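As a plain string of letters, each chain reads:
There are 2 protein chains.
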Amino acid sequence: MNIENNNAKHIYWSKNIRNIEPYVPGEQPKDRKFIKLNTNENPYPPSPRVLEALKNFRHEDLRLYPDPNGEELREAVAEYYKVSKAQVFVGNGSDEVLAFSFMAFFNPMDKPVVFPDITYSFYEVYCKFLRINFNTVDLEEDFSIQVERFPHDNGGIVISNPNAPTSLHLDKDRIIALLERNRDSVVIIDEAYIDFGGESSIDLINKYPNLLVVQTLSKSRSLAGLRIGLAVGDKNLIEGLNAVKDSLNSYTLDSLALTGAMEAIRDQEYFEDTRSKIIKTRDMTADTLINLGFKVLPSKANFIFASHPVIPAGVLFQRLREEGILVRYFNKTRIDNFLRISIGTDEEMKELAGKIEKIMAGS
Amino acid sequence: MNIENNNAKHIYWSKNIRNIEPYVPGEQPKDRKFIKLNTNENPYPPSPRVLEALKNFRHEDLRLYPDPNGEELREAVAEYYKVSKAQVFVGNGSDEVLAFSFMAFFNPMDKPVVFPDITYSFYEVYCKFLRINFNTVDLEEDFSIQVERFPHDNGGIVISNPNAPTSLHLDKDRIIALLERNRDSVVIIDEAYIDFGGESSIDLINKYPNLLVVQTLSKSRSLAGLRIGLAVGDKNLIEGLNAVKDSLNSYTLDSLALTGAMEAIRDQEYFEDTRSKIIKTRDMTADTLINLGFKVLPSKANFIFASHPVIPAGVLFQRLREEGILVRYFNKTRIDNFLRISIGTDEEMKELAGKIEKIMAGS
Numbered sequence: 061m062n063i064e065n066n067n068a069k070h071i072y073w074s075k076n077i078r079n080i081e082p083y084v085p086g087e088q089p090k091d092r093k094f095i096k097l098n099t100n101e102n103p104y105p106p107s108p109r110v111l112e113a114l115k116n117f118r119h120e121d122l123r124l125y126p127d128p129n130g131e132e133l134r135e136a137v138a139e140y141y142k143v144s145k146a147q148v149f150v151g152n153g154s155d156e157v158l159a160f161s162f163m164a165f166f167n168p169m170d171k172p173v174v175f176p177d178i179t180y181s182f183y184e185v186y187c188k189f190l191r192i193n194f195n196t197v198d199l200e201e202d203f204s205i206q207v208e209r210f211p212h213d214n215g216g217i218v219i220s221n222p223n224a225p226t227s228l229h230l231d232k233d234r235i236i237a238l239l240e241r242n243r244d245s246v247v248i249i250d251e252a253y254i255d256f257g258g259e260s261s262i263d264l265i266n267k268y269p270n271l272l273v274v275q276t277l278s279k280s281r282s283l284a285g286l287r288i289g290l291a292v293g294d295k296n297l298i299e300g301l302n303a304v305k306d307s308l309n310s311y312t313l314d315s316l317a318l319t320g321a322m323e324a325i326r327d328q329e330y331f332e333d334t335r336s337k338i339i340k341t342r343d344m345t346a347d348t349l350i351n352l353g354f355k356v357l358p359s360k361a362n363f364i365f366a367s368h369p370v371i372p373a374g375v376l377f378q379r380l381r382e383e384g385i386l387v388r389y390f391n392k393t394r395i396d397n398f399l400r401i402s403i404g405t406d407e408e409m410k411e412l413a414g415k416i417e418k419i420m421a422g423s
Numbered sequence: 061m062n063i064e065n066n067n068a069k070h071i072y073w074s075k076n077i078r079n080i081e082p083y084v085p086g087e088q089p090k091d092r093k094f095i096k097l098n099t100n101e102n103p104y105p106p107s108p109r110v111l112e113a114l115k116n117f118r119h120e121d122l123r124l125y126p127d128p129n130g131e132e133l134r135e136a137v138a139e140y141y142k143v144s145k146a147q148v149f150v151g152n153g154s155d156e157v158l159a160f161s162f163m164a165f166f167n168p169m170d171k172p173v174v175f176p177d178i179t180y181s182f183y184e185v186y187c188k189f190l191r192i193n194f195n196t197v198d199l200e201e202d203f204s205i206q207v208e209r210f211p212h213d214n215g216g217i218v219i220s221n222p223n224a225p226t227s228l229h230l231d232k233d234r235i236i237a238l239l240e241r242n243r244d245s246v247v248i249i250d251e252a253y254i255d256f257g258g259e260s261s262i263d264l265i266n267k268y269p270n271l272l273v274v275q276t277l278s279k280s281r282s283l284a285g286l287r288i289g290l291a292v293g294d295k296n297l298i299e300g301l302n303a304v305k306d307s308l309n310s311y312t313l314d315s316l317a318l319t320g321a322m323e324a325i326r327d328q329e330y331f332e333d334t335r336s337k338i339i340k341t342r343d344m345t346a347d348t349l350i351n352l353g354f355k356v357l358p359s360k361a362n363f364i365f366a367s368h369p370v371i372p373a374g375v376l377f378q379r380l381r382e383e384g385i386l387v388r389y390f391n392k393t394r395i396d397n398f399l400r401i402s403i404g405t406d407e408e409m410k411e412l413a414g415k416i417e418k419i420m421a422g423s
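In order, the protein sequences belong to chains D and W. Taken in order, the first sequence gives residues 61 to 423; the numbers are from the working numbering. Taken in order, the second sequence gives residues 61 to 423; the numbers are from the working numbering.
What the hints contain is simulated information worked out from the structure, not anything from laboratory work. Nothing here was measured: the structure is a model prediction, and the numbers come from that model. Any given hint might turn out to be false.
A pair holds if it fits inside one copy or across any two, identical chains being indistinguishable in the list.
[As the list claims (entries may be wrong)] Derived pair list, reagent style DSBU-like, types lysine-lysine, alpha-carbon separation capped at 30 Å:
1. Lys171 x Lys295
2. Lys93 x Lys145
3. Lys75 x Lys415
4. Lys90 x Lys142
5. Lys355 x Lys142
6. Lys115 x Lys93
7. Lys171 x Lys188
8. Lys418 x Lys188
9. Lys145 x Lys267
10. Lys295 x Lys90
11. Lys267 x Lys142
For reference, chain D alone in the conformation it holds in the complex (with noise of 0.2 Å):
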C-alpha cells in the first residue's frame, strides 16, 4: 500500500502509516469450495475435548468481561511446558504477540533488529510500522540459518523456526549457539511449526533470560480460528508484555478462546495423534513430489517448500488454483520458483498429487 502520491486523500492519516506495506494473509475464499493447502490451517478439527467444552460453556456468561490475565490458561501452558505461570504470557494469535514482542523488546530508530532475508514476511511489517531499523542475514545457498553470521551489534534477533516458508529446522545446539554469543539483545524464537518434528527451546528460558519462544494454537492445536498464541520466558520478559498489552487493551483473548485453548493444551493424547499423521503425510506428499521431479525441503512443519525444475511455480500456482486447489506463492527472489504446499489430510495430498501430473502431463 504505496500511497505516496495520494496524500491529499490520507490527510488525516499519521505519519507513520502513511508508507507502511501491510502483511497479507493467505486468501480465505467464500465464493467457491477449494482445497485450501495455502494458510497452514489443520486439515483435523480441534481436539474431542476442545469442542465438548465449547458446547458446553454457559454463554449467558459473555455478558461478563473475560479474566484480563488469562490465568487458567498460563496455568495449563505452564504445566505442559514444566515452566511457572510467570513465565507464560498468552495472546490474540501469534501474530498479536510477536508484535507487542517488537513494542516491549525493541528500539525504535535504534540499533537494527537482525532476521533471515528470507523469513515470515510480518517481521519486516512490524519493524516499518514501529520505525524500528532492521537487517537481514542471507540464508545459505541451501536455505539454511547460520546462526555465526548474525551481527553480535544489534537491537535484537528474530528467527522462526522451523523457518517460514522454507519449513528447515534448526537444532538446538545451534540455538544455543546463537544465545551464547548474543547476550545483550532479546531473541525470539518463533516456534509456530515447533510441533511438527522440531525441538522446542522453551527448556532454555531459564538458563538465558533474554530468550523469548513465541508458540500458536492455529497450527498443531487445530484452533486458527479462535486466535491464540503465547510467549514463553524469563518473567521480566512476560512482565514487558504485560506493560504492552495493558497499554493497548486489557482483554485480548475473549472467554471463549480462553476456554477452547485450556482444553487444547490439555488433551496431549489427540495432539500427538493428529501431529504424528501430518507428519506421516507430510513425508509421503514429499516422497511423491519428489518422485514427479520436484525439489523439496526436508520440512519439518505441516507444510513443505517445493519447486519443479521445468513448470515455474507461478505458472503452477495459477493452474492448481484453476483445478481447485489453493497453495502459497511469494513472489520474492530468490524463492519465487517455489510453492508453499499446507500438508491436508492424505486424501486432498493424493489429490493435489493427480492434479500436478495432471497438468504436467498437459504442459
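Could you slot chain W onto chain D? The hints should help.
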C-alpha cells in the same frame, strides 16, 4: 508501574515501555461471589439469537482462520447504521479499536491530542505508550464539557459520549459545533455508552470526513466476554485503521466473536428491550440514592456517578465491598468523593440501596 529505580531488572525492555503506566481494569474476583457493579457489564445475558448461533456453530471449523476483514459483521453493522461497509471497522473490543485509531490518526511527538481532564483513563495511557503529546481541557464545575474550550491547534480530539465516569451526555448540537470549528484533525467520539439514552453522532460521518465514532458490543449488547468493538467513519479513516490492523495482527476477531456479534447487531428487539430495562432501573436507582442524600449526576449511561455529603466515597467503596457489592472508586482529583456504580437488575440495585442504608445507619 513506575520502574525508574529498577532498570537493572528490565535491561531487555525497550525505552518506550520503561515508564509507562498501563490501564488497570476493574477487578474480576474469582474467589468470592460479589454483586458486580464495578465494570459496567450488562446484567442481562446476550440475545437468544446470539446464544443460538454460538450453540449451532460448527466448532470443527475452528481449524480454519476466520475472515480477516469481518465482511459479514461489517455488513450487519452497515445495515444497522445505514452506512456503507467501507465506512465500518471491527476489532477486538473498543479498546483495541481506540488504540488502533490513536496509531492511525495521531502523530507521535507532534501537536497535542486533546481530551477532557476527567474521562476514560485509557486515552492518557495510549498517548504515553505511543509518545503522543496530549493536553486536557477542564470539565466545568458541573462536570459538563464545553466544546469551545478545545483549542484550534491540536493533533486530534477525543471525547467519550456519554463521558466516563461522569455519565453525562453531550448533546449533538455541541458535537456539531465542535466539528464545525475543528476540520484539520481527527475527532474521535467514543460512544461506549451511547445506547442508554444518548444520541449517536454516526449520521454525521458523511458530512465530516474527520469524524470517527467508536462503539462496543460489551455494554448494550451484553457481550463483554466476546470482545467486539467497532468504528464508523469516512472510508479513508477506515482504510487507515485497516492499515494499522494489517501491520500488527491480520485476524483480531475469532470466528465465534464474529458469529455472536452479527446476531447481537441483528436482534433489534432484544436490544431495545434490555436497554429500556436498564434505563428504567438506572432512573429508579438514581431516585433512591438521591432520597438517601446522595448527589447523583444525570446519567445517560449504564452506570451512575454519585457522591454522599457525609460518608467519603473511599470509605463507602470499602464498606460495600465488605458487604459483597463491588463498585468502582477512582482516587483522583475532583472525583475522589464519587462512586461509579454500574446498573444491575432491579433486585441487585435494591440490595445495593439496602446495604447503603445499613452502612449509613452504622456510621
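To see whether the hints hold, each was checked on the structure:
no. : hint            : verdict
1   : Lys171 x Lys295 : within (24 Å within a copy, 37 Å between copies)
2   : Lys93 x Lys145  : between (42 Å within a copy, 25 Å between copies)
3   : Lys75 x Lys415  : neither (47 Å within a copy, 53 Å between copies)
4   : Lys90 x Lys142  : between (41 Å within a copy, 25 Å between copies)
5   : Lys355 x Lys142 : neither (39 Å within a copy, 54 Å between copies)
6   : Lys115 x Lys93  : both (27 Å within a copy, 25 Å between copies)
7   : Lys171 x Lys188 : both (14 Å within a copy, 23 Å between copies)
8   : Lys418 x Lys188 : neither (42 Å within a copy, 59 Å between copies)
9   : Lys145 x Lys267 : within (17 Å within a copy, 51 Å between copies)
10  : Lys295 x Lys90  : between (42 Å within a copy, 23 Å between copies)
11  : Lys267 x Lys142 : within (14 Å within a copy, 57 Å between copies)
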